[in-house]
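A.B. asks: Each chain is listed here by its residues.
Number of protein chains: 4
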Amino acid sequence: MLVVMRTDATAANVDAVCDAIRALGFTPVPMPGEQRTAVGLIGNDGQVDGSHIGGMAGVAQVINVTKPYKQVSREWKPDNTIVTIAPGVSFGGGELVVMAGPCSVESEVQILTAARAVRAAGASALRGGAYKPRSSPYAFQGLGTKGLQLLALARRETGLPIVTEAMDDAGAHEVAEVADMIQIGARNMQNYSLLRTVGKIGKPVLLKRGMSATITDLLLSAEYILAEGNPHVVLCERGLRGFDTATHNIFDLTAIPVVQRASHLPIVADPSHGTGVRALVPPMARAAVAAGADGILVEVHPTPERARSDGAQSLYPEQFTDLMRELRTIADAIGRTVAPAPGTTAAVAG
Amino acid sequence: MLVVMRTDATAANVDAVCDAIRALGFTPVPMPGEQRTAVGLIGNDGQVDGSHIGGMAGVAQVINVTKPYKQVSREWKPDNTIVTIAPGVSFGGGELVVMAGPCSVESEVQILTAARAVRAAGASALRGGAYKPRSSPYAFQGLGTKGLQLLALARRETGLPIVTEAMDDAGAHEVAEVADMIQIGARNMQNYSLLRTVGKIGKPVLLKRGMSATITDLLLSAEYILAEGNPHVVLCERGLRGFDTATHNIFDLTAIPVVQRASHLPIVADPSHGTGVRALVPPMARAAVAAGADGILVEVHPTPERARSDGAQSLYPEQFTDLMRELRTIADAIGRTVAPAPGTTAAVAG
Amino acid sequence: MLVVMRTDATAANVDAVCDAIRALGFTPVPMPGEQRTAVGLIGNDGQVDGSHIGGMAGVAQVINVTKPYKQVSREWKPDNTIVTIAPGVSFGGGELVVMAGPCSVESEVQILTAARAVRAAGASALRGGAYKPRSSPYAFQGLGTKGLQLLALARRETGLPIVTEAMDDAGAHEVAEVADMIQIGARNMQNYSLLRTVGKIGKPVLLKRGMSATITDLLLSAEYILAEGNPHVVLCERGLRGFDTATHNIFDLTAIPVVQRASHLPIVADPSHGTGVRALVPPMARAAVAAGADGILVEVHPTPERARSDGAQSLYPEQFTDLMRELRTIADAIGRTVAPAPGTTAAVAG
Amino acid sequence: MLVVMRTDATAANVDAVCDAIRALGFTPVPMPGEQRTAVGLIGNDGQVDGSHIGGMAGVAQVINVTKPYKQVSREWKPDNTIVTIAPGVSFGGGELVVMAGPCSVESEVQILTAARAVRAAGASALRGGAYKPRSSPYAFQGLGTKGLQLLALARRETGLPIVTEAMDDAGAHEVAEVADMIQIGARNMQNYSLLRTVGKIGKPVLLKRGMSATITDLLLSAEYILAEGNPHVVLCERGLRGFDTATHNIFDLTAIPVVQRASHLPIVADPSHGTGVRALVPPMARAAVAAGADGILVEVHPTPERARSDGAQSLYPEQFTDLMRELRTIADAIGRTVAPAPGTTAAVAG
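Top to bottom, those sequences are chains P, Z, X and Y.
The opening position of the first sequence corresponds to residue -17 in the working numbering, with each subsequent residue numbered one higher.
The opening position of the second sequence corresponds to residue -17 in the working numbering, with each subsequent residue numbered one higher.
The opening position of the third sequence corresponds to residue -17 in the working numbering, with each subsequent residue numbered one higher.
The opening position of the fourth sequence corresponds to residue -17 in the working numbering, with each subsequent residue numbered one higher.
Keep in mind that the hints are not guaranteed to be accurate.
For the chain Y half of the interface with chain P, some residues (derived, Cβ under 10 Å), not all of them [as the list claims (entries may be wrong)]:
| # | residue |
| --- | --- |
| 1 | Asp61 |
| 2 | Asn62 |
| 3 | Pro115 |
| 4 | Arg116 |
| 5 | Ser117 |
| 6 | Ser118 |
| 7 | Tyr120 |
| 8 | Gly153 |
| 9 | Gly167 |
| 10 | Ile183 |
| 11 | Asp199 |
| 12 | Leu202 |
In case anyone wonders, no lab produced these hints; they're calculated from the structure.
Model, not experiment: these values are computed from the prediction.
Think of the CB as a built atom: it goes at the ideal place given N, C-alpha and C, for glycine as much as any other residue.
Start from the sequences and build out the full structure, keeping to the hints where you can.
C.D. replies: What follows is the structure in C-alpha cells.
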C-alpha cells in the first residue's frame, strides 16, 4: 500500500499518516519526492484495510499495488512518463531518440569527429564513456575527468546532449555536472547505493538492465530511483548472458513490450552491446524500433579498428548514416518518427 | 573436407574417390543427394592435402569447410536457398511467407474457420497440429490421423498449403502424405533418427530451434537433413529457455541475421511460442520482420479462450488481420513484400 | 485425478469407470499397467468431485494429485521405488550403483579391457554406447549392432549388467535384446514416441535430464514411461546448458534432493557429461554421492587420448580405481554403501 | 606481462621500469601494493619481449601471464593462499571454516541467541547482515550501524569472528571497523569502485560470485582487490540465475574445483542462497565439502519462521547441529577437518 500525499500536504499531515500506519502494526516509510510525498508500508500489506487513511487530511490517494514495484508501475501512473534531457530531446512520446557515439572518449579529435558524424547522420544525443567499468583492472578505464571535459566540449560544438556513465557515488556527482543523462551500467543495476545517489541528484537517468535481471528486477531498481523523488528514468535493454558464443549476449527485445505494459517509464535498446558484432547491429536496431523501443543507444566510432574498447561492435560513421535512414523508414511504418538532432528540424535531418 | 561429385559422375567415380580418401587414412562417407553425390571425410581433416582428389574423374569440387557444419554453410553454397512449398509460396527470396492457424486441429468447424480467416487476412500457408508433443502424457495430444484429414480438407477449401508437425519415424511418413511442409518441433531438434527420416522423405522441412540449442547445433541438425539429400529446409527461431517468467521463452531474434550470415537456408520466426503471451505477439512479429526474417509462423484461433492448447498465445482473427497490415508496412520499409495468399495477387491481398 | 483400479478389476469395471468420468464431462484415459490399470482424467480436473467413483466396483483408490506429474510423484507412491537391473544391482535402496565404461564401444579389445578394469575397481554395471547421438552427422555414430554384440560379450566375460542407449523406436527394440537398462539420452528426453516405446518394452530405463529441462519436465517425461505400465525408471542428472565455457555444462546436483522430495524414483548423476573435463570428474562424483545420489554414471576408457568420443572427460582406469575408493568413504560417511560388483561381496570389492 | 618489483625497490626503480615499458610502446600501470609494487602493461602484450626488464634494478620478476586475470592465477602464485580472519580461523589450508548465522541482524536477543547456537554446534565464524541489499527499496534493509554494534557485541560474547556485508564505499569503511571479513555480495561483484575500496582497506574479503558471472569474471573481480595490494580474498559460490523455479538458483558446485585449478585463492560455498530451500541446504552443504570447498557459509536463525529476510532458507539451530556432525564426517572422508570454534579444540568441538 502506498499513501500519496497532496502537493499541499503539511509535515504534520504526513506525520499523522505515519502514525495511522503504525497503529495498523506496520512501519511507515515516508518517501519525499520533488512534487509530493508518498508514504509506503513495509511488510506484507496484502490484508491491510487502509480505507480510513484515504480520508485523512493531506491524503491524495491510497493505492493498493499488486506488484513488488510500486511507483514505476502502470497501476500507479497509467500515462507514459516523458523524460526530457534537452530541449526537443524527449523519451516516451511519439519521437524516437537515437543516442550514438563511441564506447569511450579517447581524445579531443576522436570525440569531436564522432559527435559531428553522428549529428550529421541525425542522432539527437551523444553517448561516450569517461568512466568505463571493465572486467579487468588492467584494461583501459576511461579518461575520467578529462573525458567529461571533452564531452562538454563536444556538446558546445554540436549542441548534442550528453549521455555518460557514472560508476560510484562520488563519480555520480562529478558526472552530473556534465551529463544531460547519467547512465547506470548493467553491472551496477543492483548497486543500490548508486541508485539512491542518482535518485537524489535528480537528473535524468538511463538505467541499463543487468545481464541476468528479470524485468521485475529492472523495475525494482528503477523504483529505488523514483523512491528518492527522481521520476526521470529511462530503461535500457542491452542483452542477457547467454550460452551461445555466436553473439556476445542474448538481445531480449521482448523486454520492450513487456516493460511498456508493466510500467509508464520509457525503454530504449542498445543493439551494440545486445549483439556484440558490428554486422548484427543494423538489423537488430531495426527490430528494436519495430518492437516499439522509445530510442536506440548505438556505438559509432570514427575508426572502430583502432578503438580502445568495443571496436568490434562499433559502427563506421557511414554505416550509421545508412542505419538512420532505415530507422526513419521503420519508425514511419509504425506511426512514429525519429527525433531530429537538436536545433534542426525533422525535414532537415531527414 | 567434402568432395562434391559432378551430376554425371558414375558409381565407379565415387568408389575411386572413396578409395583415395581411405588411402589418406580417413573413412569416406558418401552422401548421395537428389542431384549429385558428395563424399565427406570423417575425422579431424584439417591437415589433409586433398588437392590430388580434385583432379579425379567425376569430381566437381573439393571444399575445405572451416565450420563443423558443411552443406548448410555459406562457404559451401553462397546463394540463398529458395524453398518452395506450393506454387507461389517460397521462402528465402524477396517475399515473406506468413504461416498462420491454430496450435492444434480440434474439429472441422474450427480448422475451416481458422483457415478461411487467416487466408482472408492474407496468410499464405496454414499451420495446425494433428500430432502434438505435450510435456504431460495426459494432455491433449492432437487428433492424429483425423487431424491430418481435416488439414487436407482445409487445403481443398482454401488453397493454403499445410505445415504440420511429425513426431516420429512412422508419423513422418503419414504426415508427409498430407503436409506441404513437415514441421520438426523444438523438442525433436536433436532427434537424429527423425531428422534422417525427413531427409529421406525429401519434402520441405520446417526445423525449429531447440530451446537451448546454439546456432551451430541448429545448423548441424539441418545438416542431418541435407546429408540425406534433402535441401528443402527452413529454420525457425521460436524462443529459448529463459529465467524470467514474464515471458514463456527468450525470443532470440538475433538468430535471424546470425543464421543468414552463416547459412544459405531461409529462417523464419515464431512469435507465438517465442513470447507465449498474446499481447506480445504483434510487436515481436514486427520485430522479426524488421530483423530480416523470411517468414512468420503465428498461432491464430477462432476462439482462443476455448483452445485446447496454446490459447493464451493465440491471436484472435481480427488481431491477425491488423498484424498482417503492419507486417506489410514493415516489409515495405526494408524493401521486401509479404507473399500474397496462393491464387491471389499481392494487390488483392494487400 | 487418477482412478487406480484393483489388480482383479475386470474390463467391465474399467469401462464403467470411464463412463462415470465421461458423465462428469471429462475424457477418460485408461492406462493399463503390468499389475493394474489406472484411469486418468484429461483436462483441468481441479474442481471435479470424484468421490462417488471411489465406491465403484474394481476401484482401489481415487487420487487427487496436485502436481502436473502423477504416477511418478511421492503423493502417488510414498515409498522409494527400487529398480533392479541384475541380481544384486538395484537403484533406490541403501546401495549406490556405479556404472562405468567408455562413451562408445569401439572394438572387442577396447570394451573387454574397459569392462575388466571397471569391474576390478568395483563398478557394478558397464556403460557403453553402440548407438551414439552426435551433433554432427559426420561424427562417429557408434558401431550399432556390432557394438551391442560386443556389449553382450563383455557381460558374459565379466558378469556386469549392460547400460546402453537407444535412439529411436526401432533401435529400442534391438537394444532391449541386449541391454539390462535402456538409456534415453538428454537430447531425446522429450522424444515422447521413444518414451512410450521403452514404456511398452518394460525393461529398466535410465532417463537423462535434457539440457534445459526443469525437474518438472524431467518427471513428466518419466510419467510417459510409467503411463505405459513400466515403473522401472531411474533418472539421471547430467548437466545443464550453461554460459561459462570453463565447463561443458552446469552440473545441477541440487536436482538430486529436489527429485528425491518430489518423486519416489531413484536418481543418479553423470559427472563426466556434467563437467566435460577429466580432472573435474572425481570431485563432482564425490559431491554427487554426498548430495544423496543413488548411483554414478562415469566414463572410463583404457586409453582416453585415443577415444573416438568424449576422450577429454573419460577417466583413466587407475583414476577410476582411486575414485571408487573415495566414493566408498563418502558413502560410508552418509550411511550408505557402494554396491559391490555382481557376484562378489562388498568385503572383496572393498 | 607483469613486472613485480622487489620490496626494497625505490620509486626511481619503478619509474625506470615504467620508462622501459613506454619505450616498448605500451602504457605502464604501476600497482603499488602493501608489500611491493607491480607494474602491468596495458594492451595486447602477447608479443612483447620484456626479457631485458628482468635485469633492471629493483625488479624481482617478470611474468608472462596467459589468462586475463594475473595475480590471482596459479601461474602467478602456485601455492594456496591462506586467508586468516582470526587466530585459528584460516581458509585455504586443511581445515574447513563454517560461517553461520542469520541473514540479517534483527535484535540483540536474536543475534546473541544465533551466535551462541552456531558456536555451540561448532561454527568458527558468525555471519549476519547489518546492511542488506534488497531488490525492493521498501524491503527491510538491515539495522545499519546498530547492527554492526550488535555484531561486535556477539563477538565479545562468543569469540566468533564476524563476516558481514558492505554495500558501498562509505559503508565499507564503517563495516571494516567491526568485521573480521568484509563480504561483497553477488550483486556488487562487478562494483569495481567498491572492489578497489576493500582492496585499499586491506582486511580479508569474502567475494561472492555474481549470479551470471563466469569463473573468469569472478577471478577478474578478485584481481581488482589484489591489484590494490590486498591478497586476503576468499571466493564464494552462491548459485547462478536459473530457469527452474524448483530452486532459487542453480548451485554450481563445479566452480569449486574449477577455481582451485585456476587460482590460489580459497573458495567456499553458500548452500543457503545456492538453493533457497531449507530442506536442500544439508545435502548441498555436504556436497560442497565433498567437492573440496574450503568452507561453508550457511544461514541459521533461532526462529526462521519469524525471520525478516531469507526465513525459508534458514536452518533451525538443531538442524545446523546435525549438519555440522555430517560435515565433519564428510571432511574426514576426504582427509580434511572442520575447523573448531575459536578458543576450543577440535576434540571438544567434535
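A.B. asks: Work down the list of hints and note, for each, if the structure agrees.
C.D. replies: Against the structure, the hints come out as follows:
1. Asp61: This hint is violated: Asp61(Y) lies away from chain P, its Cβ roughly 23 Å from the closest one there, beyond 10 Å.
2. Asn62: violated, 22 Å
3. Pro115: With Cβ-Cβ at 6 Å, under 10 Å, it holds.
4. Arg116: holds, 8 Å
5. Ser117: Holds, about 5 Å.
6. Ser118: Cβ of Ser118(Y) sits 5 Å from chain P, so the hint holds.
7. Tyr120: holds, 5 Å
8. Gly153: OK, holds: Gly153(Y) within 10 Å of chain P, min 7 Å.
9. Gly167: Holds. Min distance 9 Å.
10. Ile183: violated, 15 Å
11. Asp199: holds, 6 Å
12. Leu202: holds, 5 Å
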